[in-house]
Amino acid sequence: MNTAKELIQNLVQSQPEDATYDEIVRELAFDRMVQRGLEDARKRRVVSNEDMLHRIKTWSN
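Just so we're aligned: 65 in my numbering is position 54 of the sequence shown, and the numbers increase by one with no gaps anywhere.
Calculated directly from the structure, the hints in this document are not laboratory data. Please read all numbers here as calculations on a predicted model, not as lab measurements. Just to be clear, a hint being listed does not mean it is correct.
[Stated by the list, open to error] FRET-style restraints, in silico, Cβ to Cβ:
1. 64 / 31: 35 to 45 Å
2. 49 / 23: 30 to 40 Å
3. 30 / 63: 26 to 36 Å
4. 25 / 67: 27 to 37 Å
5. 53 / 26: 22 to 32 Å
6. 39 / 70: 45 to 55 Å
7. 54 / 15: 28 to 38 Å
8. 62 / 25: 14 to 24 Å
9. 65 / 28: 44 to 54 Å
10. 23 / 51: 36 to 46 Å
Backbone N, C-alpha and C fix where the C-beta goes; we use that ideal spot for every residue, glycine too.
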């Protein structure tokens with residue numbers, strides 16, 4: 012298993028040479044969100060589409 016530092020280094024190295032600091036940070040944040048979502052899915056920490064639709068409908072009330 013790779014360490015967090017190794018994962019970050021790999022992601023940074025995969026960016027284009029002209030990538031800006033903000034683009035790299037955005038890519039790191041996106042990757043982290045995806046990894047967290049996948050972990051939630053693996054652990055069955057999910058919300059059904061029906062439940063989410065109900066929650067969204069309550070936001071406008």
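Against the structure, test the hints numbered earlier, and report the numbers of the ones violated in rising order. The structure breaks hints 2, 6, 7, 8, 10; every other hint is satisfied.
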